[in-house]
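S.K.: Keeping their order, the protein sequence lines are chains A and B. Going by this note's numbering, the first sequence opens with residue 749, and the numbers climb by one from there. Going by this note's numbering, the second sequence opens with residue 69, and the numbers climb by one from there.
Source of the hints: derived by calculation from the structure; they are not laboratory data. Predicted model only: the values in this text are computed from it and were never measured. Be a bit skeptical, because a hint or two may be false.
[Unchecked claim] What the simulated footprint calls covered on chain A by chain B, stretch by stretch (three residues with Cβ under 8 angstroms from a Cβ of chain B suffice, anywhere in the stretch; the number is not a length):
{"no.": "1", "stretch": "811 to 824"}
{"no.": "2", "stretch": "863 to 875"}
{"no.": "3", "stretch": "880 to 894"}
[Said to hold, decoys possible] Take a look, some chain B residues computed to stay more than 12 angstroms from chain A by CB distance:
{"no.": "4", "residue": "Thr127"}
{"no.": "5", "residue": "Arg218"}
{"no.": "6", "residue": "His305"}
{"no.": "7", "residue": "Leu306"}
Cβ atoms here follow ideal geometry from the backbone N, Cα and C, with glycine treated the same way.
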Amino acid sequence: MKRDFSYESYLNGTHRLGRIFSVLTLIMLVGAPFAIGGILGAMPDLAAAARGFIAVGLVWTVSAVVEYLVYTPMLGAGGSYLAFITGNLINMKIPCAMNAREMTGAKTGTAENEVISTLSIATSSLVTILVLALGVLLMIPLQPVLQSAVLKPAFANVVPALFGAMACQYFRKDPRLAVVPMCAMTLLFMLVPSLTSSTSMMIMPAGALTITLAWLRWRKERKEAAQS
Amino acid sequence: MDSSVLQQLNSGSIFLICGVIIAVIAVVCVIFIVRAWRAGLALGMDPVRMRRAVTSSATFSILPGVGILLGVLALSGSLGTPWPWLRLSVIGALHYETSVADAAAEQLGVSLGSDSMTVGAFATIALLMSVCIMWGMILATLFNKRYLKRLEGKDPAKKAGGGFGDRAMIAMFIGMVSTYLGSYIGDFVSRAPASSGAEGTYVPSLFSFRGDWTPLVAAAAAAVAMGIFIWLKEKKHLDWVENFAVAGSMLIGMLVVVLVHL
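Here chain A stands alone, though its shape is the one from the complex (with noise of 0.2 angstroms):
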């Protein structure tokens, strides 16, 4: 190690400009609505964006604050401020990082690790930059065929086929648990059809009862292993 070089005083800095980059990066993302209404003559509806949030804005307050205490952890310091500025953690930087962690043979919670995990998530940050903006490029001469008729339906659906994809993927982790929420919804929404109107808002009774019903599991395997 360098004879100058203080460890502390670099995660110190990290710190501190994580923690600026950070709240310039909040603060250019809720601006943006707002800059971009301001053009086209429409600001958005703070009471609408409002009840959103209590629709489903809180769902994703549980699930920011499980990834935030089980990922920075693994990213360390460097590696999480910019694994949560630039997202696509769980499909993305992870593995990334994990990767570069394996192939160099860093071990964690060390000196060598943060280093790693600083690098990779950021390389990694910088070519999605990279794809993506090449890959809008192109398509901005597809936008008629974007706008077409014949596509419409398809824009419509995005919605359902996420939730078909997701479907498949979280339901195969826990297949036994998924039967009462989906048997559950199922009924209510044919019983009650005027809540599709208003169906984020029955996300939040419909986590509860899967979460409570999966603790339940969870305390009675505990309870089961300790006995064994």
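Given the coordinates of chain A, work out where chain B should sit on it, guided by the hints.
M.R.: Leaving out everything else, chain B in the frame of chain A:
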């Protein structure tokens, strides 16, 4: 979706706003790379190892990057191109962006990709997308230093793998998916086309089985496609298909809807 609204959402000024934000984040990444590289050298790390970390991460990210690009394509018909480009380049993830956008649209009484979408509705949807996903950054800003300090000396792998956290997250997603799938089934079973009003308007009609079936077709086709992607990965050991699984399944689901409408 009304093509004039989509044209406004794809205008040069919106591209500029989103492009500037993406460029700033790219600069942040460069700053972190330079600092980490210098720190690595100062710590006495082999530059070859660090270079290996950079090159392996770059090559690792190309395929998922293309998968994310397909996500931009999937959202571009309902939110324009620049906004999904920004969200998926910088902070978001496809499943998050789509579900939050849909919930925000619902609160405004519009639906994604439909003619009811307005520029004002878009601005509100964009705001909610920004607000809902900022918690990771806020938590990192407030607690990272103290949290990492507390973890010093502990095995992060053990810390991450244990407890109820992982199961709670899976349970929450199962609850969310059940809600949406239940609503599509309920929509088909207990709704019927309105005798008056615009085409495609449905009203409650208990157990009439005359509601909109296209969301069910889209969901079923996407689920089958996802099943095939999983099978290819697990049984045929084609690990790279995982990078396209979510976006690819969505696009297949959407394509099937187009085909049944022809």
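S.K.: Among the hints numbered above, which are violated by the structure, and what are their numbers in rising order?
M.R.: 4, 5
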